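Listed below, chain by chain, are the residues.
There are 2 protein chains.
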Amino acid sequence: MPTIEQARTWYASSDPVHDFEHILRVYRMADRLAIEEGADLEIVHAAALLHDAEGSAPGSETRASHHHRSAEFARQILTDENWSEERILAVQHCIRAHRFRQDGEAPQTIEAKIIFDADKLDVLGAIGAARTLGYSALNHQPFYFQPSQKFLDSGEKEPGEPHSSYHEYLFKLKKIKDLLFTQKARALAAERDAFLIAFFQQLAAEQTGEK
Amino acid sequence: MPTIEQARTWYASSDPVHDFEHILRVYRMADRLAIEEGADLEIVHAAALLHDAEGSAPGSETRASHHHRSAEFARQILTDENWSEERILAVQHCIRAHRFRQDGEAPQTIEAKIIFDADKLDVLGAIGAARTLGYSALNHQPFYFQPSQKFLDSGEKEPGEPHSSYHEYLFKLKKIKDLLFTQKARALAAERDAFLIAFFQQLAAEQTGEK
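Residue numbers (the working numbering), protein chains in the order written: chain A, 1 to 211; chain C, 1 to 211.
Isolated chain A (complex conformation) (with noise of 0.2 Å):
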């Protein structure tokens, strides 16, 4: 079993938004939820600490690929690991799933799932305002631009529009939690979700003057 101080020799990263403070998050959430779905914890420890281990330095090339390029890292870790084929596979499955998109591999087990709602956890709730912030801090967009009508009616902005936290907001975080799996997960997702939107309302209301 790779450990936690083995995996953090796989991020490099120091920004704050993809750190391995993020890993630390979505593992010890992986391991609440496994604890209250009855899933595998072995199995989901594997998958949290690898999930993000190969090409995902946001604004790389690799990051669109990561899923896949990191669940191949697990194969060789979990391998000289003498981990079993089926587990091997179970374990990967939950990298490449957790970013799902439509036209994607979906999570098909309890593992995939938890996996998959730990990381989307942590883009709500306080530290997913803190990630998106930041983010926008590191790539020199600002906290709140007023955003055009037509990005309110499509998510496509008009030129010269900069993408800022509050877009993100709009655009991404406002959905997700909707895509969650698990019940427990849901419950969580729901009072982050709250905190997500009083927070950007309070954002918008101090920008414009009305607090």
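Mixed in with the good hints, there may be bad ones.
When chains are identical, the list treats them as one kind, so a pair holds in a single copy or across two.
When the alpha-carbon atoms are kept at most 27 Å apart in a straight line, the in silico DSSO-like pairs for lysine-lysine are as follows [stated by the list, open to error]: (1) 211 - 184; (2) 157 - 177; (3) 184 - 157; (4) 174 - 157; (5) 172 - 211; (6) 150 - 172; (7) 174 - 211; (8) 157 - 172; (9) 184 - 150; (10) 175 - 157; (11) 184 - 174; (12) 175 - 150.
Worth flagging that the hints you see were computed from the coordinates, not collected in a lab.
If you're wondering where the values come from, they're calculated on a predicted model, not measured in any experiment.
With the hints as your guide, set chain C onto chain A.
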């Protein structure tokens, strides 16, 4: 009178913690407070636009003296605009006193108190949280790190203890609201401070697995 578009050229930073959006927020807030207090709008507007104009880049050697440098820069700009010596001195006092510490130049006039308050309100509330988190991201510091008992008691960190956003909140942001001068700013600060407390409590609770 310097215009907003003219002022924009004085601020080169593209990071959202200290960019021109901060100047615009201080300008709007100072305008609001000045109307409330019956202060001299021209002095307040000029001081808001000029208060960080020279040497305020975070981490730079000039940061600690940027209020003096910006006051000198203001003299040049306002002399070119044929302002009287008396009114130039009034603007310079606002600019120097915006960085009031225990041993500095305390705000004496209502205009200086307004600039001080408007600048400090921008580190409270959702925008204050956003700027603090963005600053951490830009400086490769974590959003949350469990503070040591030593830090909680004294504000001094243990060797190796990172300065997380949460540390900044405990050490500095929590105390801001008690520094403000004008009644309207104090009322706004109370609300923004409550929001900031709720935010950092939620952040800590999510990190420790309570929420």
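To see whether the hints hold, each was checked on the structure:
no. : hint      : verdict
1   : 211 - 184 : between (35 Å within a copy, 11 Å between copies)
2   : 157 - 177 : within (24 Å within a copy, 37 Å between copies)
3   : 184 - 157 : neither (35 Å within a copy, 37 Å between copies)
4   : 174 - 157 : within (17 Å within a copy, 37 Å between copies)
5   : 172 - 211 : both (25 Å within a copy, 22 Å between copies)
6   : 150 - 172 : within (16 Å within a copy, 40 Å between copies)
7   : 174 - 211 : both (22 Å within a copy, 19 Å between copies)
8   : 157 - 172 : within (14 Å within a copy, 37 Å between copies)
9   : 184 - 150 : neither (36 Å within a copy, 36 Å between copies)
10  : 175 - 157 : within (18 Å within a copy, 39 Å between copies)
11  : 184 - 174 : within (19 Å within a copy, 34 Å between copies)
12  : 175 - 150 : within (19 Å within a copy, 41 Å between copies)
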